[in-house]
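**Student:** Take a look at the letters that make up each chain.
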Amino acid sequence: MTIVTYVLATVVGLAAGFAGVGGMLGVGMSWRLPALLPLGGVSLVLDPLAGVFLAMIGFAAVPASLYALGDPRQARRGRGAYLLFVGAMAVVPLAGNALTFLLAWELMSLASYMLVVHDREAREAIRAAWVYAVMTHAGVVCLIAGMLLLGTWAGSFEVDAWRVAAPGLAAGSRNLVWTLLALGFAVKAGVVPLHVWLPLAHPAAPSHVSALMSGVMIKLGVYGLIRISLDWLGDGPLWWGAVILLAGAVSAMVGVLSAIVDRDLKRVLAFSSIENVGIILIGLGAGVLYHAAGLPALAVIGLTAALYHAVNHTAFKTLLFLGAGAVVHATGTRDMEALGGLIKRMPWTTACFLSGAVAAAALPPLNGFVSEWLTFQALLQNLLIEQPAVNLVFALGIAALALTGGLAVACFVRAFGISFLAVPRSDASAQAHEVPRAPRLAMTMLAVTCLALGLGVTVIVPALARVGTDLVGVVGTLALGDALVLDVSGNFASLSVPVIAVALALAGLGVFGGLVVTGRGRARPYETWSCGRMLQTPRMEYTATAFANPFKRVFDFFYRPVQQIDIAAHPASRLFVQRIDYANPTRSLFDDWLYRPLLAGVNRGVRVVRVLQSGSANLYLTYILLALLVMLVFA
Amino acid sequence: MLRQLRTALRTGVVTEPGVPAEAAPLEIVGGRLREEIHRRFKRSLHIRQVDAGSCNGCELEISGLIGPHYDFERFGLHLVASPRHADCLLVTGPVTLNMAEPLRRTWEATPDPKFVVAVGDCGRDGGIFRGSYAVVGGVSSVVPVDAVIAGCPPSPAALLAGLLEAIGRRP
Numbered sequence: 271m272t273i274v275t276y277v278l279a280t281v282v283g284l285a286a287g288f289a290g291v292g293g294m295l296g297v298g299m300s301w302r303l304p305a306l307l308p309l310g311g312v313s314l315v316l317d318p319l320a321g322v323f324l325a326m327i328g329f330a331a332v333p334a335s336l337y338a339l340g341d342p343r344q345a346r347r348g349r350g351a352y353l354l355f356v357g358a359m360a361v362v363p364l365a366g367n368a369l370t371f372l373l374a375w376e377l378m379s380l381a382s383y384m385l386v387v388h389d390r391e392a393r394e395a396i397r398a399a400w401v402y403a404v405m406t407h408a409g410v411v412c413l414i415a416g417m418l419l420l421g422t423w424a425g426s427f428e429v430d431a432w433r434v435a436a437p438g439l440a441a442g443s444r445n446l447v448w449t450l451l452a453l454g455f456a457v458k459a460g461v462v463p464l465h466v467w468l469p470l471a472h473p474a475a476p477s478h479v480s481a482l483m484s485g486v487m488i489k490l491g492v493y494g495l496i497r498i499s500l501d502w503l504g505d506g507p508l509w510w511g512a513v514i515l516l517a518g519a520v521s522a523m524v525g526v527l528s529a530i531v532d533r534d535l536k537r538v539l540a541f542s543s544i545e546n547v548g549i550i551l552i553g554l555g556a557g558v559l560y561h562a563a564g565l566p567a568l569a570v571i572g573l574t575a576a577l578y579h580a581v582n583h584t585a586f587k588t589l590l591f592l593g594a595g596a597v598v599h600a601t602g603t604r605d606m607e608a609l610g611g612l613i614k615r616m617p618w619t620t621a622c623f624l625s626g627a628v629a630a631a632a633l634p635p636l637n638g639f640v641s642e643w644l645t646f647q648a649l650l651q652n653l654l655i656e657q658p659a660v661n662l663v664f665a666l667g668i669a670a671l672a673l674t675g676g677l678a679v680a681c682f683v684r685a686f687g688i689s690f691l692a693v694p695r696s697d698a699s700a701q702a703h704e705v706p707r708a709p710r711l712a713m714t715m716l717a718v719t720c721l722a723l724g725l726g727v728t729v730i731v732p733a734l735a736r737v738g739t740d741l742v743g744v745v746g747t748l749a750l751g752d753a754l755v756l757d758v759s760g761n762f763a764s765l766s767v768p769v770i771a772v773a774l775a776l777a778g779l780g781v782f783g784g785l786v787v788t789g790r791g792r793a794r795p796y797e798t799w800s801c802g803r804m805l806q807t808p809r810m811e812y813t814a815t816a817f818a819n820p821f822k823r824v825f826d827f828f829y830r831p832v833q834q835i836d837i838a839a840h841p842a843s844r845l846f847v848q849r850i851d852y853a854n855p856t857r858s859l860f861d862d863w864l865y866r867p868l869l870a871g872v873n874r875g876v877r878v879v880r881v882l883q884s885g886s887a888n889l890y891l892t893y894i895l896l897a898l899l900v901m902l903v904f905a
Numbered sequence: 065m066l067r068q069l070r071t072a073l074r075t076g077v078v079t080e081p082g083v084p085a086e087a088a089p090l091e092i093v094g095g096r097l098r099e100e101i102h103r104r105f106k107r108s109l110h111i112r113q114v115d116a117g118s119c120n121g122c123e124l125e126i127s128g129l130i131g132p133h134y135d136f137e138r139f140g141l142h143l144v145a146s147p148r149h150a151d152c153l154l155v156t157g158p159v160t161l162n163m164a165e166p167l168r169r170t171w172e173a174t175p176d177p178k179f180v181v182a183v184g185d186c187g188r189d190g191g192i193f194r195g196s197y198a199v200v201g202g203v204s205s206v207v208p209v210d211a212v213i214a215g216c217p218p219s220p221a222a223l224l225a226g227l228l229e230a231i232g233r234r235p
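For the protein sequence lines, the chains are R and Y, in the order given.
Going by our numbering, the letters in the first sequence line up with residues 271 to 905, in that order.
Going by our numbering, the letters in the second sequence line up with residues 65 to 235, in that order.
Mixed in with the good hints, there may be bad ones.
Unchecked claim - Far from chain R, by Cβ distances over 10 Å, these chain Y residues were calculated:
hint, residue
1, 66
2, 68
3, 137
4, 143
5, 148
6, 194
7, 208
8, 209
9, 220
Said to hold, decoys possible - If you anchor each label on the Cβ, the simulated ranges turn out as follows:
hint, chain 1, residue 1, chain 2, residue 2, range
10, R, 394, Y, 131, 56 to 62 Å
11, R, 800, Y, 232, 32 to 38 Å
12, Y, 148, R, 659, 53 to 59 Å
13, R, 853, Y, 148, 30 to 36 Å
14, R, 697, Y, 168, 27 to 33 Å
15, Y, 232, R, 809, 42 to 48 Å
16, Y, 148, R, 347, 50 to 56 Å
17, R, 773, Y, 107, 27 to 33 Å
18, Y, 72, R, 809, 51 to 57 Å
19, Y, 192, R, 794, 34 to 40 Å
20, Y, 229, R, 809, 39 to 45 Å
21, Y, 229, R, 781, 21 to 27 Å
As the list claims (entries may be wrong) - A few chain R residues that face chain Y, going by a derived Cβ cut-off under 10 Å, partial list only:
hint, residue
22, 792
23, 794
24, 796
25, 797
26, 798
27, 799
Treat the hints as calculated values from the structure; they're not laboratory data.
Beta carbons: idealized from backbone N, C-alpha and C, even for Gly.
Just chain R, with the same shape it has in the complex (with noise of 0.2 Å):
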């Protein structure tokens, strides 16, 4: 039963890719059901950005049910759920109503919480669960608030009639509704400080869901801001943009800053998404300016960037996820200081996930240094903008996109140095096996993936570009180049992605052909040098925290570390130490600062509304009484 419900996810999904790369080319359609609910009933329009994700959701699906095929007692419990948190997600983009999206995004999240819950012994993942649910759905209450408002004033809950509608609306309605639905779909996005669920909610889950969750759900919100910054509600103001490219800068800072301190490999990754999801918004946030500054040529390329790297992270996220949940498969840990030697444990793993972190770190070939390059070119352009305001903004984002680009390299170098490199720093990490083929396929489709979408940026992006034209509406076609190189603006920048990677190959071999030509005979294997010491201990290896500390005290107004140093001396004198214990850990600016002082507020609310509720039949019967004379009195 388990192996049908994950093919029969795996058909889903590549049905929901197929479709979606249909729908990207042009193919329209859309198929509606008004009698099956009130409110205009089901309706479902395929268009070119409705593909996009489409395609997404669909071929990340694809891995993911193989991974879980490879271990199905595992994920045996939670399968109805992840069937349905395929479907859902599918259902999302293609909704052409307020009905069916809200009731899509509804069962999409209820579903994740359930796969979040999956190990519901553990108090952590119900302390997850809880954030997420109580998270999720102040996302949703935006939504419904917007869409609902949305609805009344446009008079029509079809999103057709809202393109119509939107122009003609008061610019004051249309940024209340701009600002609820943005709020809602931050929140799924995990924009920073939106974000706190996030880093609880993904390690929680199992490893092939929080690979679709950070993958793929996440994405689902830069969809929405997308739809409502460029499409639903018409042309937007210049702020607009501006928040979407702020929010991204400081999303992509804080959460590789989060990432690069974290013991957690899968918490690291989940603060990796947020960080990616600022690249996203800060390319989706260039797209807008330009396009409310009247630059449809330009708007096209920071949409274009925008989608690419959402595709790209979609592709090494999934990976990484997956070769994460491989390791904790195979050492039963996710901490960073237990594991170690994995390499050569783990080969295969191994080789996939750190083709995703160099994908990650945003390094050529792969895919993640192009899209980076292109959020880059997009950016570098604002100064056909004639405000400084404006170009504040835009200098803020490449200064935030360039510092995040360098410590996500220390970040990935981090993960996967600690990792799998050197000795294993514990029992389990030492005795761990490879996972099986099912897994081992998935990684390795991911992997090629990546490098595909590096090596094919000429063919991908002139198609993500006519996504952007399709929704900007700019006459005319861009030229991106030819076969071989990428051209953005005409001559403003050109790269060649396969030219770096044959450059690259070469370099190597030169290298590795040198050393052997002139080395042969002459290397002599000794141990690693440990200043003459007699015994080589794992403990003596390098440590995850011991990597992050200088960035700690670098960037301590960030983090605020506490030192915790308990010594244990021996009863007879101080100066025999028995125990050292030491702690170093960093505190949450938006626990601090945000949520604590929000829900104390909240709390000392809700004690006075309580007063209201003695418990007394007599006192709620004249409430009764009371509400009834008002009623009468003021209908």
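Dock chain Y against the given chain R, drawing on the hints supplied.
**Tutor:** Chain Y only, in chain R's frame:
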């Protein structure tokens, strides 16, 4: 403050006059050392110092080499932090029992080609500690020694001269 200024002005410079650069024996030895190093090693000679149970007298003299007076880095010599980077091991002390194995490991960890210089009377044969129950005795009883710089301790100038001899003796 005025009093301090007056004292400073009255006292003047009290450091010893420097030796003319060309005439000093140090410069002559150093110059030859530089030529020899350049001839044999193309660039510079990297030295890892190993204390195999020394009283630190030799270390005091070796650290004098890095100071401003001798400043042996100008002759192309360089003290490094790991045997992995070294061409030469400078070993002091009457190799104690506890340091015998680490010394052997350090020698193993140094890439070939390499040479070992034993420094001080202790390094030569155990010095005044020879025959003690706690020492192995002499660097050459643990690793092959290419040159010995005797003295208790050898002065920095003697160290430089000894290094020159050691390099000159290299095949």
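**Student:** None of the hints should be skipped; say for each whether it holds.
**Tutor:** Verification of the supplied hints:
With a cut of 10 Å on Cβ distances, residue 66/Y stays outside the contact zone with chain R, its closest approach being about 45 Å. At roughly 40 Å, the least C-beta separation between residue 68/Y and chain R is larger than 10 Å, which holds for a residue marked as non-interface. At the 10 Å boundary, the C-beta of residue 137/Y stays outside the reach of chain R, the nearest C-beta of that chain being 24 Å off. No Cβ of chain R approaches the Cβ of residue 143/Y within 10 Å, the least distance being about 16 Å, so the stated non-interface status holds.
Residue placement check: residue 148/Y does not keep its beta carbon more than 10 Å from all beta carbons of chain R (closest about 6 Å). Residue 194/Y, annotated as away from the interface, keeps every beta carbon of chain R farther than 10 Å; the closest lies near 23 Å. Listed as a non-interface residue, residue 208/Y keeps its Cβ farther than 10 Å from every Cβ of chain R; the least gap is roughly 16 Å. With 10 Å as the threshold on Cβ separation, the claim that residue 209/Y sits away from chain R holds: the shortest Cβ distance comes to roughly 18 Å.
The beta carbon of residue 220/Y is kept farther than 10 Å from every beta carbon of chain R, the shortest such distance being approximately 26 Å. As the Cβ distance of residue 394/R to residue 131/Y is approximately 58 Å, the hint placing it in 56 to 62 Å holds. Our hint of 32 to 38 Å for residue 800/R and residue 232/Y holds, since their Cβ atoms are close to 34 Å apart. For residue 148/Y paired with residue 659/R, a C-beta distance near 55 Å keeps the hint of 53 to 59 Å intact.
For the pair residue 853/R and residue 148/Y, the supplied restraint of 30 to 36 Å holds, since their beta-carbon distance comes to about 34 Å. Checked against the given bound of 27 to 33 Å, the beta carbons of residue 697/R and residue 168/Y, roughly 31 Å apart, stay inside it. At roughly 45 Å, the beta-carbon separation of residue 232/Y and residue 809/R lies within the given 42 to 48 Å, and the hint holds. Checked against the hint of 50 to 56 Å, the pair residue 148/Y and residue 347/R passes, with Cβ atoms roughly 52 Å apart.
For the pair residue 773/R and residue 107/Y, the supplied restraint of 27 to 33 Å holds, since their beta-carbon distance comes to about 30 Å. Between residue 72/Y and residue 809/R the CB atoms are about 55 Å apart, so this pair conforms to the stated range of 51 to 57 Å. Distance hint check: the CB atoms of residue 192/Y and residue 794/R are about 37 Å apart, consistent with the given range 34 to 40 Å. For the hinted restraint 39 to 45 Å between residue 229/Y and residue 809/R, the CB-CB distance of approximately 44 Å keeps it satisfied.
Distance hint for residue 229/Y and residue 781/R: a CB-CB separation of about 39 Å, inconsistent with the stated range 21 to 27 Å. A cut of 10 Å between beta carbons decides the hint on residue 792/R: the least distance to chain Y is about 8 Å, and the hint holds. Of the supplied interface hints, the one on residue 794/R holds, with its beta-carbon coming within about 7 Å of a beta-carbon of chain Y, less than 10 Å. Contact between residue 796/R and chain Y, as hinted, is supported at the beta carbon level, the nearest pair being about 6 Å apart and thus within 10 Å.
Below 10 Å, beta-carbon pairs count as interface contacts, and residue 797/R has one with chain Y at about 8 Å; its hint therefore holds. Against a cut-off of 10 Å between C-beta atoms, the interface hint on residue 798/R holds, since the closest Cβ of chain Y lies about 9 Å away. At a threshold of 10 Å, the smallest CB-CB gap from residue 799/R to chain Y is about 5 Å, leaving the interface hint in force.
In the structure shown, a violation is registered for the earlier hints numbered 5, 21, in ascending order.
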